[in-house]
Amino acid sequence: MGLGFLTAAAAVTAAVTATARHAAVVSAATFLFGVEFAFAGACCGGGSSVAGVILGDEKYLLGLDLDSKTITTDVSAKGVWRDRLELEEQQTLKLHLTSLISDRFQLGVSPSLVKKHRYGDTDTSLGDTSLLLAYEALPDWDYHPIRPRGTVYVSASIPTGKSVYDSQSTGFLDAAGKGYASLGLGAIFNKTISKWTAIFSTEAHHGFDKSPIRPSWGYTTSLSFSYDLASWIKGLSVQTGLSHTYQNGFHLEQSQFEGNQSLETVDALQVTAPSIGLSYSGIPFLPESEDPLVFHLTYSDQSLLGMPLNTPLGKTLTLGIRKQILR
Amino acid sequence: MKFPFHTLVFLLLAISLVSCAKPLADSTDSETRTEGKSQNACKASLKTDGVCLDAIWETYPTETTVGSLLVFARSLNSDHLVKDFSTDLRVTLWMPSMGHGSSPVKVVPLQPGMFRIEKVFFIMRGDWEVRFQTPTDRATWALDF
Ligand SMILES: [Cu+2]
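Top to bottom, those sequences are chains E and D. Numbering follows our numbering, with no gaps: position 326 of the first sequence is 326. Numbering follows our numbering, with no gaps: position 51 of the second sequence is 51.
Heads up, a few of these hints could be off.
Claimed, not checked - In the DSBU-like style, the derived pairs of lysine-lysine whose C-alpha atoms are separated by at most 35 Å in a straight line are:
1. Lys-106(D) x Lys-115(E)
2. Lys-234(E) x Lys-59(E)
3. Lys-59(E) x Lys-47(D)
4. Lys-78(E) x Lys-195(E)
5. Lys-119(D) x Lys-83(D)
6. Lys-106(D) x Lys-78(E)
7. Lys-323(E) x Lys-78(E)
8. Lys-234(E) x Lys-78(E)
9. Lys-78(E) x Lys-119(D)
10. Lys-59(E) x Lys-191(E)
11. Lys-78(E) x Lys-115(E)
12. Lys-119(D) x Lys-210(E)
13. Lys-115(E) x Lys-210(E)
14. Lys-106(D) x Lys-47(D)
15. Lys-59(E) x Lys-115(E)
16. Lys-83(D) x Lys-210(E)
17. Lys-323(E) x Lys-115(E)
18. Lys-315(E) x Lys-83(D)
19. Lys-234(E) x Lys-315(E)
20. Lys-47(D) x Lys-78(E)
21. Lys-47(D) x Lys-119(D)
22. Lys-210(E) x Lys-315(E)
23. Lys-47(D) x Lys-115(E)
24. Lys-83(D) x Lys-106(D)
To be clear, the hints were calculated from the coordinates, so they are not data collected in a lab.
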């Protein structure tokens, strides 16, 4: 299949290209989410499923994100910051596979692989896997001038990753999961007006007991804005976003003396992360191609805003690619 | 090809978002924890056993190296070593706020009532506990790392 074919196909379907651009901008903006939360805590990841939800006019979403996070600081439950002299590096490779299963329902899966590097040692292990069932509750088929598109979803986090309680390694290099399953309920509203795209998302989740963890609830809320720079460079847009994660305190079963078990209380965690990003939609040197690739680069920093509590803080650089297949 | 004005505004907005989160100073909560206690204060007291555990660092751990701790079992109401103190002393490192431990330590009995805790390693900075457990009692020493 030559370049000529792709160019011709794109030229013939000018209308589709306009839709594609819309989808690309929306899709690009979602990159800001789902990035920060992979390792909200040393032990327990929070998580938003937004990165795997189709918010544009795609039929399938195929995405791959590579996060590179450097942990620089530990914040205590009382809010005391302590800088680390020995930095910890974490890389997460996350795959997103989502498909429409009807006009308004979509089903997705996002497995992940985590590589941790510390003390001159490296370990790569499977992270938790999230499953997603989303419903476009508030469609925007007529591109209404103001009313946003609204999507609600149920997400499940499957503990495919080892938790700190199963870890065999110093520094928990092999622990890439929460150690328990959780169920989340979320809503996403997105709207593109002129060159601006705004996305608001919120998700609450609750975990299921799995010894020794008796998990609790938590939530993640994010807001992002994207600005289309197509008038400057075709396919280019910039984004900025803010996300906030809260994980309520939970309990741990501890066996103290023979047979005796007590419940220990673990403190709540919260972290806020602003981010900026750049995305490019299209196939390089083939600006008119249909079903383009979207590339994005995002930087987020958990040490800049808000009142982090009981969490390590890191800076994350994410490089991602997405293949869009339109309806 | 000109850079759109909107973009500039947008970037400024993004930068202004990135103002500063206010960290508490590193040293603010060292109050009554590791230092500044009277010489007679216990690091951890085993009330049922009637034993006070005193601890001094032989080697202080760093973020990359293990430390070792000398532990003395002294009577709660005198300054004498408890010579018949259990040799079955179990020690774990625990981060209570996050609910996780660290790599296991090694307890070496030196003489009756004296122990060396080897391989003390904290995997992150913050508020830690050294948890002592005998067959009949348990006690906790809270410290900053
Ligand atoms: Cu911790």
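Results of checking the hints against the structure:
1. In summary, the hint linking Lys-106(D) to Lys-115(E) is supported, as the alpha carbons are separated by about 29 Å, within the 35 Å threshold.
2. Using a Cα cut-off of 35 Å, the hinted pair Lys-234(E) and Lys-59(E) holds, with the two alpha carbons roughly 23 Å apart.
3. Restraint check for Lys-59(E) and Lys-47(D): not satisfied, since their Cα atoms lie roughly 67 Å apart, outside the 35 Å limit.
4. Between Lys-78(E) and Lys-195(E), the direct Cα distance comes to roughly 42 Å. Violation of the 35 Å bound is thereby established for this hinted pair.
5. With a CA separation close to 25 Å, the supplied pair Lys-119(D) and Lys-83(D) stays within the 35 Å bound.
6. As the CA atoms of Lys-106(D) and Lys-78(E) are separated by approximately 30 Å, the hinted pair is consistent with the 35 Å bound.
7. With a CA separation close to 44 Å, the supplied pair Lys-323(E) and Lys-78(E) exceeds the 35 Å bound.
8. Under the criterion of a C-alpha separation no larger than 35 Å, the hint pairing Lys-234(E) with Lys-78(E) is inconsistent with the structure, at around 48 Å.
9. This hinted pair checks out: Lys-78(E) and Lys-119(D) have alpha carbons roughly 28 Å apart, not beyond 35 Å.
10. At roughly 19 Å between alpha-carbon atoms, Lys-59(E) and Lys-191(E) fall within 35 Å of each other, so this suggested pair holds.
11. Only pairs whose Cα atoms come within 35 Å are accepted, and Lys-78(E) paired with Lys-115(E) is accepted, the gap being roughly 30 Å.
12. About 30 Å separates the Cα atoms of Lys-119(D) and Lys-210(E), which keeps this hinted pair within 35 Å; it holds.
13. Distance hint between Lys-115(E) and Lys-210(E) is fulfilled; the C-alpha atoms sit about 25 Å from each other, no more than 35 Å.
14. Distance hint between Lys-106(D) and Lys-47(D) is fulfilled; the C-alpha atoms sit about 24 Å from each other, no more than 35 Å.
15. Distance hint between Lys-59(E) and Lys-115(E) is fulfilled; the C-alpha atoms sit about 31 Å from each other, no more than 35 Å.
16. Between Lys-83(D) and Lys-210(E) the alpha-carbon distance is near 43 Å, which puts this suggested pair outside the 35 Å criterion.
17. For the hint linking Lys-323(E) to Lys-115(E), the alpha-carbon distance of about 24 Å falls within 35 Å, and the restraint holds.
18. For the suggested pair Lys-315(E) and Lys-83(D), the alpha carbons sit about 52 Å apart, so the restraint of at most 35 Å is broken.
19. At most 35 Å may separate the alpha-carbon atoms for a hinted pair to count; Lys-234(E) and Lys-315(E) meet this at roughly 29 Å.
20. In summary, the hint linking Lys-47(D) to Lys-78(E) is supported, as the alpha carbons are separated by about 28 Å, within the 35 Å threshold.
21. For the hint pairing Lys-47(D) with Lys-119(D), the CA-to-CA distance comes to about 27 Å; that is within 35 Å, so the pair holds.
22. In summary, the hint linking Lys-210(E) to Lys-315(E) is supported, as the alpha carbons are separated by about 31 Å, within the 35 Å threshold.
23. For a cut-off of 35 Å, the pair hint linking Lys-47(D) to Lys-115(E) is broken: about 45 Å separates their Cα positions.
24. Taken as a hint, the Lys-83(D) and Lys-106(D) pair is honoured in the structure, with Cα atoms around 21 Å apart against an allowance of 35 Å.
When the structure is compared with the earlier hints, violations turn up for hints 3, 4, 7, 8, 16, 18 and 23 and for no others.
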